[in-house]
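Student: One letter stands for each residue in the lines below.
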Amino acid sequence: MITFENVTKQYPGGTVAVDGLNLEVPAGQTMVLVGPSGCGKTTSLRMINRLIDPTSGRILLDGKDIQQSNPATLRRGIGYVIQQAGLFPHRTIVDNIATVPLLIGWTKAKARDRARELMDLVGLDADMARRYPHQLSGGQQQRVGVARALAADPPVLLMDEPFSAVDPIVRASLQDELLRLQAELHKTVVLVTHDIEEAIKVGDQVAIFKPGGHLVQVDSPQQLLTAPANEYVEDFLGFDRGIRRLSFLAAGSLELDTEVIAGQDTTASAALAKVRGAGAGWLLVVDPARLPRGWLSSADLEAAPGSSQVGNLSLTPRGHTFRADTDSLRAALDATVLSATGQAVGVDADGKAVGVTSYERLRTAIQRGAAGQPQPTSAQEVPAS
Amino acid sequence: MSWALSNASYLAHLTGQNAYLALVPVLAGLLVSLPLGVLCVRYGWLYPPVLGLTSILYALPALALFVVLIAYTGLSDTTVMIPLGVYSLAAIFPSVVDGLRSVPEPVRQAAIAMGFGTWRRLITVELPISVPVIIAGLRVATVSSISLVSVGALIGTGGLGDLFTDGEARDFSTEIIVGVVLIVVLTIVADAVLVLARRLLTPWQRGAGRETRTASMRASLRGQAGGGAALT
Chain A
1 MITFENVTKQ YPGGTVAVDG LNLEVPAGQT MVLVGPSGCG KTTSLRMINR
51 LIDPTSGRIL LDGKDIQQSN PATLRRGIGY VIQQAGLFPH RTIVDNIATV
101 PLLIGWTKAK ARDRARELMD LVGLDADMAR RYPHQLSGGQ QQRVGVARAL
151 AADPPVLLMD EPFSAVDPIV RASLQDELLR LQAELHKTVV LVTHDIEEAI
201 KVGDQVAIFK PGGHLVQVDS PQQLLTAPAN EYVEDFLGFD RGIRRLSFLA
251 AGSLELDTEV IAGQDTTASA ALAKVRGAGA GWLLVVDPAR LPRGWLSSAD
301 LEAAPGSSQV GNLSLTPRGH TFRADTDSLR AALDATVLSA TGQAVGVDAD
351 GKAVGVTSYE RLRTAIQRGA AGQPQPTSAQ EVPAS
Chain B
1 MSWALSNASY LAHLTGQNAY LALVPVLAGL LVSLPLGVLC VRYGWLYPPV
51 LGLTSILYAL PALALFVVLI AYTGLSDTTV MIPLGVYSLA AIFPSVVDGL
101 RSVPEPVRQA AIAMGFGTWR RLITVELPIS VPVIIAGLRV ATVSSISLVS
151 VGALIGTGGL GDLFTDGEAR DFSTEIIVGV VLIVVLTIVA DAVLVLARRL
201 LTPWQRGAGR ETRTASMRAS LRGQAGGGAA LT
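Protein sequence lines correspond, in order, to chains A and B. Sequential numbering from 1 applies to the first sequence in the working numbering. Sequential numbering from 1 applies to the second sequence in the working numbering.
Calculated directly from the structure, the hints in this document are not laboratory data. Since the model is a prediction, treat every value here as computed from it, not as a measurement. Don't take every hint at face value.
[Stated by the list, open to error] A few chain B residues facing chain A, derived, Cβ under 10 Å:
#, residue
1, P106
2, G117
3, V125
[Claimed, not checked] Chain B is nowhere near these chain A residues, computed Cβ spacing over 10 Å in every case:
#, residue
4, I169
5, Y232
6, V233
7, T266
8, A278
9, G279
10, T326
11, V337
12, L338
13, R361
14, R363
[Claimed, not checked] Computed beta-carbon distance windows for the label pairs:
#, chain 1, residue 1, chain 2, residue 2, range
15, A, H134, B, P49, 32 to 42 Å
16, A, T55, B, P49, 29 to 39 Å
17, A, D167, B, V195, 33 to 43 Å
18, B, V184, A, H134, 33 to 43 Å
19, A, T55, B, E105, 20 to 30 Å
20, A, S137, B, V195, 28 to 38 Å
21, B, V195, A, D235, 52 to 62 Å
22, B, W45, A, H134, 27 to 37 Å
All C-beta atoms in this analysis are idealised placements derived from N, C-alpha and C, irrespective of residue type, glycine included.
Produce the entire structure from the sequences given, and follow the hints as far as they go.
Tutor: In structure tokens, the structure reads:
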């Protein structure tokens with residue numbers, strides 16, 4: 001656990017970078033410090049491993065004042081990841097990762113074994129071990145940076161804008177990787193970013209700073225989106241805060257329509273009766289494995305010969321699907337909006353159709369979610385297919 | 001050619017003397033430049049005055065220095081080596097500073113944050129990364145030092161330069177040409193050794209390192225510009 005007790009950092013000349021910060025980072029959780037530039041978030045981070053010393057106040061690491069520790073010793077116990085990775089250009093990947101183990105006196109062989117283990121953990125091919133940093137892409141370098149920070153298995157990991165220097169696709173995959181690693185390793189992570197989306201995606205807790213080094217609000221991402229403390233936080237969260245809140249509501253709360261699904265060998269007349277009985281406009285055609293094939297409108301069915309099998313008619317593409325069990329309401333809404341029929345197919349892990357959405361059903365689920373406690377989802381805002 | 005062959009052992013002796021007179025000062029220049037460079041990077045305000053001083057020393061004509069030094073060190077090797085050492089310092093010192101400054105800031109930050117102490121960081125991170133730039137300065141110093149030794153012939157300690165004074169006195173051009181060729185060969189060999197050393201010390205540089213390369217080029221360009229002044 002990391003505790004900031006009334007910490008202030010004032011630079012000679014009077015600039016106050018951090019102003020009376022009180023903050024607790026619970027062990028095993030990810031705390032994201034977010035805010036615009038000049039808000040003191042990076043200064044706060046760098047005070048934890050004493051790259052910067054506070055002007056007043058104390059920082060405790062597991063109850064112990066870090067000011068009492070030798071800086072070099074303290075730092076060897078704290079992983080540190082920075083924006084440009086900061087890898088040693090003159091050392092191979094495996095030796096870069098082995099840096100801290102070697103510093104704390106491991107044998108070279110043991111340190112390299114550990115380094116190879118970590119390469120595997122962060123998803124780097126073993127054949128990259130003997131390469132040099134400049135031979136890797138930005139995303140791969142950043143993975144090495146994370147592996148290097150984790151090498152000596154420090155309980156605390158500090159990440160200073162770790163994913164800002166890579167393109168959005170790589171960034172998203174690195175964020176997913178961090179979530180995966182964190183689920184496995186349970187480090188106490190403090191991550192600095194200026195990207196509120198990133199904060200909401202990777203943070204267990206998000207601390208919002210404003211210029212002048214003031215902490216404005218600390219809360220879980222969903223609580224932030226639900227109840228921003230003031231206008232500043234509201235503005236910082238952005239205009240589509242309501243939509244993004246849906247990321248924290250499980251698609252499982254949707255009551256999907258299972259009536260309007262028909263096997264491909266159903267006759268057109270039986271299918272038409274089904275659609276009319278459900279009071280719906282569209283029928284979803286599935287194959288024998290219940291994989292969704294496409295849609296037929298009631299007009300399509302009326303036009304078709306009553307005895308023809310629906311699987312042989314010309315189908316409207318099935319559009320986007322979402323995972324009914326693990327996706328969020330946001331993914332379900334997204335899939336629905338993108339779908340030509342205004343309905344989206346909820347599928348299970350095998351891609352089999354579970355049921356279909358409608359705007360009406362989404363509205364009900366959203367209203368219920370807004371009123372009650374949001375249910376946790378295992379995956380956030382990842383629209384399927 | 002036959003003259004060269006019949007005097008092979010004398011020429012070998014002169015070549016060896018030339019190498020000795022040239023390279024010991026380069027080594028001394030390097031040994032002084034390293035701590036001086038480290039200091040000037042750590043305390044940035046030191047760099048401009050120290051650089052100014054070494055540049056002024058670099059501009060001093062060699063012959064004038066010899067004349068001054070003869071009063072103290074006589075017609076000895078030392079009299080030749082002291083000016084060469086000063087020129088080497090002037091060529092190598094800025095490249096040490098440039099080299100240390102070529103270490104990317106994130107790399108330095110990461111080293112500090114991982115718990116490297118000052119000395120360990122210097123020796124295992126900053127100096128190894130500086131090697132290409134420092135060797136660029138070393139090459140300039142070595143090349144100019146080898147050819148400058150011949151000026152020492154004017155006070156009787158000139159290595160291969162003795163062939164010039166002797167050749168001129170005897171009006172024997174072959175001797176002068178042989179002297180020039182041997183100096184060029186010695187220079188090329190010494191330079192090749194340094195290039196090889198750089199390749200061995202910087203395996204990570206192969207096929208990349210545009211930035212460090214630009215920095216080395218800058219260092220060697222400046223060295224050449226200064227070298228011209230020193231020869232006068």
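Student: Now, for every hint given, state plainly whether the structure supports it.
Tutor: Right, here's what the structure says about each hint:
no.: 1; hint: P106; verdict: 4 Å, holds
no.: 2; hint: G117; verdict: 5 Å, holds
no.: 3; hint: V125; verdict: 6 Å, holds
no.: 4; hint: I169; verdict: 23 Å, holds
no.: 5; hint: Y232; verdict: 31 Å, holds
no.: 6; hint: V233; verdict: 30 Å, holds
no.: 7; hint: T266; verdict: 63 Å, holds
no.: 8; hint: A278; verdict: 61 Å, holds
no.: 9; hint: G279; verdict: 62 Å, holds
no.: 10; hint: T326; verdict: 37 Å, holds
no.: 11; hint: V337; verdict: 42 Å, holds
no.: 12; hint: L338; verdict: 41 Å, holds
no.: 13; hint: R361; verdict: 50 Å, holds
no.: 14; hint: R363; verdict: 49 Å, holds
no.: 15; hint: H134/A <-> P49/B: 32 to 42 Å; verdict: 36 Å, holds
no.: 16; hint: T55/A <-> P49/B: 29 to 39 Å; verdict: 33 Å, holds
no.: 17; hint: D167/A <-> V195/B: 33 to 43 Å; verdict: 38 Å, holds
no.: 18; hint: V184/B <-> H134/A: 33 to 43 Å; verdict: 36 Å, holds
no.: 19; hint: T55/A <-> E105/B: 20 to 30 Å; verdict: 24 Å, holds
no.: 20; hint: S137/A <-> V195/B: 28 to 38 Å; verdict: 30 Å, holds
no.: 21; hint: V195/B <-> D235/A: 52 to 62 Å; verdict: 59 Å, holds
no.: 22; hint: W45/B <-> H134/A: 27 to 37 Å; verdict: 33 Å, holds
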